[in-house]
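Peer 1: All chains, please: the whole structure from these sequences, using the hints.
The sequence shown: position 8 = 8 (this note's numbering), numbered continuously.
None of these hints come from the bench; they were simulated from the model.
Small disclaimer: the values here were computed from a predicted structure and weren't measured.
Even glycine gets a Cβ: it sits at the ideal position worked out from N, Cα and C.
Treat the hints with caution; some may be incorrect.
If you anchor each label on the Cβ, the simulated ranges turn out as follows [claimed, not checked]:
no., residue 1, residue 2, range
1, Asp281, Ala83, 30 to 40 Å
2, Asp354, Glu51, 27 to 37 Å
3, Asn276, Asn84, 23 to 33 Å
4, Pro131, Thr358, 25 to 35 Å
5, Ser263, Arg203, 26 to 36 Å
6, Phe177, Lys385, 23 to 33 Å
7, Asn132, Leu345, 29 to 39 Å
8, Lys82, Ser353, 24 to 34 Å
9, Glu51, Glu334, 36 to 46 Å
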Amino acid sequence: MSEVAEFRSDVSAWIAENCPQGAKGPGQLANGSTKIELEPDVALCLERCAEKGFTAPTWPTEFGGGGLSPELAKVFYEEMGKANARTPLTGMGMTMIGPTLLEYGTQAQKERHMPKIIRGELQWCQGYSEPNAGSDLAALNTRAEDQGDHYLLNGQKIWTSGAYTADWMFALVRTDFDAPKHDGISFVLLPMDQPGVTVKPIRLISGTSPFCETFLDNAVAAKDDLVGDLNRGWTVGKRLLQFERSGIGGLTGGARPSEPGTSLPDIAKKYVGEENGKISDPAIREQVTTLNMNRASFRLTAQRANAENKSGTPGAATSIFKLYGAALQQDGAELKRELMGFQGLGAEGEGFSDMELTSVEEWLHTKATTIYGGSNEIQANIIAKRVLGLPE
Numbered sequence: 001m002s003e004v005a006e007f008r009s010d011v012s013a014w015i016a017e018n019c020p021q022g023a024k025g026p027g028q029l030a031n032g033s034t035k036i037e038l039e040p041d042v043a044l045c046l047e048r049c050a051e052k053g054f055t056a057p058t059w060p061t062e063f064g065g066g067g068l069s070p071e072l073a074k075v076f077y078e079e080m081g082k083a084n085a086r087t088p089l090t091g092m093g094m095t096m097i098g099p100t101l102l103e104y105g106t107q108a109q110k111e112r113h114m115p116k117i118i119r120g121e122l123q124w125c126q127g128y129s130e131p132n133a134g135s136d137l138a139a140l141n142t143r144a145e146d147q148g149d150h151y152l153l154n155g156q157k158i159w160t161s162g163a164y165t166a167d168w169m170f171a172l173v174r175t176d177f178d179a180p181k182h183d184g185i186s187f188v189l190l191p192m193d194q195p196g197v198t199v200k201p202i203r204l205i206s207g208t209s210p211f212c213e214t215f216l217d218n219a220v221a222a223k224d225d226l227v228g229d230l231n232r233g234w235t236v237g238k239r240l241l242q243f244e245r246s247g248i249g250g251l252t253g254g255a256r257p258s259e260p261g262t263s264l265p266d267i268a269k270k271y272v273g274e275e276n277g278k279i280s281d282p283a284i285r286e287q288v289t290t291l292n293m294n295r296a297s298f299r300l301t302a303q304r305a306n307a308e309n310k311s312g313t314p315g316a317a318t319s320i321f322k323l324y325g326a327a328l329q330q331d332g333a334e335l336k337r338e339l340m341g342f343q344g345l346g347a348e349g350e351g352f353s354d355m356e357l358t359s360v361e362e363w364l365h366t367k368a369t370t371i372y373g374g375s376n377e378i379q380a381n382i383i384a385k386r387v388l389g390l391p392e
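Peer 2: Next up, the structure:
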């Protein structure tokens, strides 16, 4: 038996024994927040996966990761999908700051933060965008003043996803106001539970929202939590954005299983009609088939890009996946809503099922996918300049 086949057999048996029913199918996902109580089965699955390093299968074992090759990690995620088990741990710790610390953090920073990230003991949020610094992020004005062993932070961040339940923030701050705007920025980590941090949630059209305003009034970031060199945080910040876009674009492993009966063909048959086991309307059938083919092509292309990326870390080409992946999410949510007809327009009320209400909320939420993490217009510019090398 080959190494891959043996591992597949072993991990399949392990999942069957250690992933309880309450951690399968749609439902709660662990993101590490100490402010969110996990359901018992979700907490148990997280604990057991963390013990095996399966929350971060490819990360170094010295910090608690699994130390697996990308090939074996892919097998793990495939077997989790077959078992209808949810990704054991999600959030910015896993997809953004964790990979960034592995690349740019000091040994002391890795030893302090990585084990907690891997065990799901902290939720992280991103302090990047500001009211006057969104697409032009380098125009940020949040100030960090040197106070010897720490920095005092003053300013405002906006669209801070998950800030209300986050334990820590990674942030870009200005440490030199006389330098060119890209050169005077530093990358720092700071705890959210301190007197100088105020968080205000932002309500969106989809109802609830993870987005928040975050106000920093003499907030403290320790010097030991400066990541990378002083005034060179732009380099670190850009690298983290590559990891973020990899996650949004679908390049990272793991998936949240969908409930049986909620695929596009199932929904089309239910709301449009079924004839001889097929969607009755040929035009609708073509739409559903085209979208599913695009999804399959996207997944295969992402797998090829990961296999070709021998360094194991994403490069500039990840912007292509972010741009197309975000649009693909929108297309899927839009088509699902259209298939449901008037039942796909309900925000509340007894006349709508839970699936219908969830689909509407999803449809509204996906309107933001082509904006956050860098708008599609920004992604197109990045692709033109840095991937294709086109002239100004």
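Peer 1: Next, verify each hint and record whether it holds.
Peer 2: Hint check results:
| no. | hint | result |
| --- | --- | --- |
| 1 | Asp281 <-> Ala83: 30 to 40 Å | holds, 35 Å |
| 2 | Asp354 <-> Glu51: 27 to 37 Å | holds, 34 Å |
| 3 | Asn276 <-> Asn84: 23 to 33 Å | holds, 29 Å |
| 4 | Pro131 <-> Thr358: 25 to 35 Å | holds, 32 Å |
| 5 | Ser263 <-> Arg203: 26 to 36 Å | holds, 31 Å |
| 6 | Phe177 <-> Lys385: 23 to 33 Å | holds, 27 Å |
| 7 | Asn132 <-> Leu345: 29 to 39 Å | holds, 36 Å |
| 8 | Lys82 <-> Ser353: 24 to 34 Å | holds, 27 Å |
| 9 | Glu51 <-> Glu334: 36 to 46 Å | holds, 41 Å |
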